[in-house]
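**Student:** Residue strings, one per chain:
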Amino acid sequence: MKRFAKLIQQLELSNKTNDKIAALVDYFNYADDKDKVWVIALFTGKKPKRPIKSALLKYWAIDITQTPEWLFAESYANVGDLSETIALLLPPAENTSDFQLHKWVEDLHDLEGKDDETKKDFILSAWNKLETQERFIFNKLISGNFRIGVSNKMLVNALAKQSSLDSAQIMHSIMGKWNPYEITFHELINGIHVNTDNSWPYPFCLAYALEQEPEKLGDIAEWQAEWKWDGIRGQIVKRNGELFIWSRGEELVTEQFPELHFMIDVLPDGVVLDGEILAVQDKQVLSFSTLQQRLNRKTINKKHLEDAPIGFFVYDILEYEAKDFREEPLSVRRKTLEQLIGGLDESPVIISPVINCSSWEALADLRQTSRSINSEGIMLKKLTSHYHSGRKRGDWWKWKINPYTVDAVMIYAQKGSGRRANFFTDYTFAVRDGENLVTIAKAYSGLTDKEIKEVNSFVNRNAIEKFGPVRTVKPELVFEIAFEGIAESKRHKAGLALRFPRILRWRKDKKADEINTLEDLRQLLQSTL
Amino acid sequence: MALIEFTKRGIYCKQGDFYVDPWWPVDYAVTTHGHSDHVRFGNKYYLCHTLTKPIIKRRISEDLNVETLEYGESISRNGVNISFFPAGHIIGSAQVRLEYKGEICVISGDYKIEDDGITVPFEPVKCHSFVSESTFGLPVYKWQKQEIVFDGIKNWVNDNINQQKTSVLIAYSLGKAQRLIKNLAGDTPIYVHNSIANLNEVIIEAGVNLPKTIRITPETTKDELQKGIVIVPPAMRDSRWIKNLSHPVTGICSGWMQVRAHRRWQSADAGFALSDHADWPGLMEAITATGAEKVYVTHGFTAAFSRFLNDEGIEAAEVLTKFGQEDDEENKVDLAEQNENK
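Residue numbers (the UniProt record's numbering), protein chains in the order written: chain A, 1 to 529; chain B, 1 to 342.
Since the hints were derived computationally from the structure, they do not count as laboratory data.
This list has only true hints and no planted wrong ones.
List of simulated lysine-lysine pairs, DSS-like, C-alpha gap at most 30 Å:
no. : chain 1 : residue 1 : chain 2 : residue 2
1   : B       : K243      : A       : K153
2   : A       : K46       : A       : K6
3   : A       : K2        : B       : K142
4   : B       : K8        : A       : K453
5   : A       : K382      : A       : K392
6   : A       : K153      : B       : K165
7   : A       : K382      : A       : K283
8   : A       : K6        : B       : K145
9   : A       : K453      : B       : K142
10  : A       : K466      : B       : K294
11  : B       : K145      : A       : K2
12  : A       : K34       : A       : K6
13  : A       : K119      : A       : K6
14  : B       : K142      : A       : K129
Isolated chain A, as found in the complex (with noise of 0.2 Å):
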C-alpha cells in the first residue's frame, strides 16, 4: 500500500505526460503482480463491489473524532473530498501495517455480508495502522473514484513501455471482461481473456479538432471528406452469431434499439462496425433532442419508436472475417464496408456518406452548409490511415462549424468541488427578457485560472444573497456562452434549454444591458426545428 501511495502522490504532483508515464512504468517494474492488476482495474474504473456506505465511514470518523457535524460538513467544503476530509481528521495511527493493495482489497471483499459492527472494527483498526496518505487511498477504495488524470491511453502506452507489448492490443485487453480478482498481470496484458468473448468492442478512434487551414494538410485528393453527425458514437459487434451494440461510454446498449437487431441476419459472423447512432427518418437525420427522447430509458414503448426512430451511420469496418482489420488502410477499409453492406436498401444502417469535393475551398462551403441537415461539421480522414486506438494527432480531424453564441449576464455563482473547491466557478447566465433576467444556462468551463481568481473576487465583494452554497451577485459580468444546439424545455424558466454550453470568453468590453435577449434565442429555436 505505501508504494501505490507514493505512486498517487508522484501523479498528482505532476502536470507532465511524460512524468506520470515514468511514475506509472517505475510502478509496474517494482511493484507486486497482484497489486498491479487492481491499479489497472482502479484506474480503468473497475470498481471492487462497495462493501461499505460512505455515510457509514463518515459517522465512525465523526464519532471517534468527537467532531460535531456540522464542523465536517464546514471541514468537507473546505477540502472537497469525503476520503479525505476522513483522512485528515482521524488522529495520527498508532500502528503501522506493510498489508498490500490487494490485500486491502481483498479484506474489504470479505467484509460484505457481514453486520456493521464487525464492518466498524474493521474499518477503525484500519485507520489505526494507516498514515495520511494511505488512509485517503484506502477510503477511495471502499467510496469513490481514482480521479487523478491518468487516461486509460496514458496507462496503456506505459503498461507497453514497460511490457514490450503493442499499445492497441493492451489496450483492446484491459477494455475487455476480466475479474480482477482472479485474472493475473500476466493474463491481463496479454489478452487471453479477450479472444475467447464474443461481445467486446474495440477503443473507438477519436480524432484531434482541426486547428489550422485545412491547405496545409496537403492533396485534398489523399483525404475522405465525411459529414460528422452529433449523436452517439457506437459498435455492432457480430459475433458468433449474436449481435452487440456498444456506446462510446463503454456502455452495452443492445436492447435500447431494437431497430437495428435486424444486423444480426445481415452481418456475418466475426464483423465489427464503427459508426453514430442517430435520430433518422426516411435516411435523414434528426436533431439531437429528437435522439435524446431514446437515450437512458429502461423500457422502449411503441410511441418511443414512433416519435424517435433510430438508425446507425456507419463510418468504418474494424473486423471482418473474424479478423482484426483495423491495420488495414481506410481505403480498403471503405471499400470493404461497401462491398459488405452497400446493398441494404430501405434499412436505418447507412454509410455515412462520402463529400465528393475537388477544392478545399469548395468543401468549406458545403461545411458552411452542414447545420441544415443537423451535422455538426466534417470529418477528414487520410485515406492511408491506420484504425488507431484513441486519439492521435494527423490522420483523422475533425473541421467542426462554429458554435452558436450568445452574450448573458452572470447571476449566481457556486464553489466548484475538488481542485477548485475554494473558488467560485461554477456560474448561472442569464438573458434579458423585457425588464427582467431569465436563466439560460450553467457552466463551469472556459476560463483561466487567473480569470476564475478574478471572477471569485468579483463574488465575494458583490454577493446580495446566500443560498446555501450559491451566491446571488450582481449582474455585472458579461461572457460570451457558446453552444452547440437549442432545445424546447418544459423544465426551464426559459423554454428552452442550450446544448453543451460553455463559457466561450469573459466580455469585459461589454455592459450588462448590452446582452442578447430571450427573444433573440426563441427566434434562433425557430430557426432550427
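Place chain B on chain A using the hints.
**Tutor:** Chain B only, in chain A's frame:
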C-alpha cells in the same frame, strides 16, 4: 468598559488612545510583526519588538518613528500598561498584552505553537480577553512535526539534484524563508533571491544567528543553482527566470499544502505543509492556556472557529479585520474563504 474596540481603522484601545496593527494611518500604532498586512505606512509612531524595528524600517521607510520593547518589557500609555510576549510566528513577532485597572487583554497577531528553531517560541499569557487569528481554524489542519516536513524537503532536493533538476522553493521572504534557511542548512548550498538576501542582512545585523546563504546575481550559473537549493518569494512563481533554469521543479511551503485541492490548484511540482500559523490543535491549546473569558476571532475560518468555541463553552465572537488579505501573504490562496466568513 472593554479595553479594545474594533473600528474601521483597526483594533483601538480607547483608554490608552492607540491602535494595534491599524490598516489606516493613526498617531500611535502598536505593531505585532513585520508582515505587510499588519504594519502599514503612514503612522506617526510605531511601537514594536526590537527585532521588528530594522525589518519595518527596511521594508517601509528608514524615516519611521519607532519605539521598541523586548519580550517581557512594558511601557505605560495613558495609564494602559503595554507589554510584549513571544508569538512564535516569525522573527520579532509579539503578542501585545494590555492591562488597565486589573483588566487584561491580549492581541496575538499571528502565532504558532511549534518551536521553529529560529523564532522565540510562543508563550501563553493569562488574560480576560484574547484576540486570536483563525487562518487554519478547521480540524483538518493538523501539522506534522517540522523535522518530518524538513526531511521530506531534503529528500525531494536530493532526488532533484540526482535527476539533474533544479529545486526551487517558494517561500514568503520574511519569516518562511529564514525558517527554511535555518533548518535546511547543511552540505547543499542555499541560493536566495535579492529580496530575501536583503532581509537576511538586516536580520543578521540585528544579532540573529542565520546560516550562510548565497545571493543570486546575474553571474550565478544555472549549474551552481542546479546543485543547490533555490529560495524565491511567491511573486517570482511564474517568472521567466524560473522557467529558464535547468529543469526547474517548484515546491511550495505553506500550510495550505495540507489539502490536495490546494496543491493541485497551485500546480506546483511539490507542496510541503509547513506553516507559521497555529494548526487546529495549536489554536485550541493557545486559547485554553490563556484562560480567557472572551475570545475575538479574526482572519481565517472565523465563523466555524468561533461557533466551535461557543459550543465548547468559551464565549467567542467573529471580528472583521483586514489581516491576512495581503497579496504577498502565504495564505492568499484562501482569501475567498476569509472574506466569506465575515
